Amino acid sequence: MNSSPKSLKDLPNRGRYNSTHEFKGGEVAKYFSLVTKHDTEGGRLRKRIIERIGIAEIPSRIRVFLLFLLRRLDGVADFTKGSARFLPIIPFLELPAEIREGIERLSKVNIEAVITLYSSIKMLSEGNYELAIKYSFRVEGLEEEAVKETMRCRRPIMKYGGSVANPGLPINTGDFIESLELISDQAEDAADIIKALALLKPQGSR
Numbered sequence: 001m002n003s004s005p006k007s008l009k010d011l012p013n014r015g016r017y018n019s020t021h022e023f024k025g026g027e028v029a030k031y032f033s034l035v036t037k038h039d040t041e042g043g044r045l046r047k048r049i050i051e052r053i054g055i056a057e058i059p060s061r062i063r064v065f066l067l068f069l070l071r072r073l074d075g076v077a078d079f080t081k082g083s084a085r086f087l088p089i090i091p092f093l094e095l096p097a098e099i100r101e102g103i104e105r106l107s108k109v110n111i112e113a114v115i116t117l118y119s120s121i122k123m124l125s126e127g128n129y130e131l132a133i134k135y136s137f138r139v140e141g142l143e144e145e146a147v148k149e150t151m152r153c154r155r156p157i158m159k160y161g162g163s164v165a166n167p168g169l170p171i172n173t174g175d176f177i178e179s180l181e182l183i184s185d186q187a188e189d190a191a192d193i194i195k196a197l198a199l200l201k202p203q204g205s206r
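In our numbering, the protein residues as written are 1 to 206.
Because the hints were derived from the structure by calculation, they are not lab data. Given the structure is predicted, the values throughout are model-derived calculations rather than measurements. Be aware that a few hints might be false.
[Unchecked claim] Subject to a maximum C-alpha distance of 16 Å in a straight line, what follows is the list of computed EDC-like cross-link-like pairs (lysine to aspartate or glutamate):
#1 K201 x E130
#2 K134 x D189
#3 K134 x D192
#4 K148 x E178
#5 K195 x E130
#6 K37 x D78
#7 K108 x E145
#8 K148 x E101
#9 K159 x E98
Could you put together the complete structure from these sequences and hints?
Quick look at the structure:
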């Protein structure tokens, strides 16, 4: 449990996280490449896990839940990569500070949701079902925060949309925000599956 990251400062390579309004041209390409690399690695890992699930002697309903969980985890990675695609497109320095700061807050909520989801999965794998459920509920709370942040981000887009010189900027920014929100949405779906798996715990487990 102590090895689980609990906040942004506990993330490995945490220096890679950057504020959207601090991005420079070369950094955008670097971060997009990094996200793509992790997504590719995650895809290979998912295939190996599916192969192992296929040959493992486990109850069929647990097998189904595990496959659903993998699909949701893949969704987290997909929407992260989808969000990263907007990094080379959106000139963040042209966005009003209110929108940039909102996107940054939403990104931080997403990171916390994924970190907490990781902790939930770790507790599930260690047989600590009570903590797995507790972390899963926390992911749900973070997803609700993400929805609120998404709404806060969208309001200034409506406010500033007509005054922005680049007519495509409000549209791309809105799509970017939606893609970010879907990261925590997928994390919440994964957390629901973890709760279901935890409730199928062996007799006498925590």
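Practice problem: Hint by hint, work out which the structure violates, then give me just those numbers in ascending order. | Solution: none
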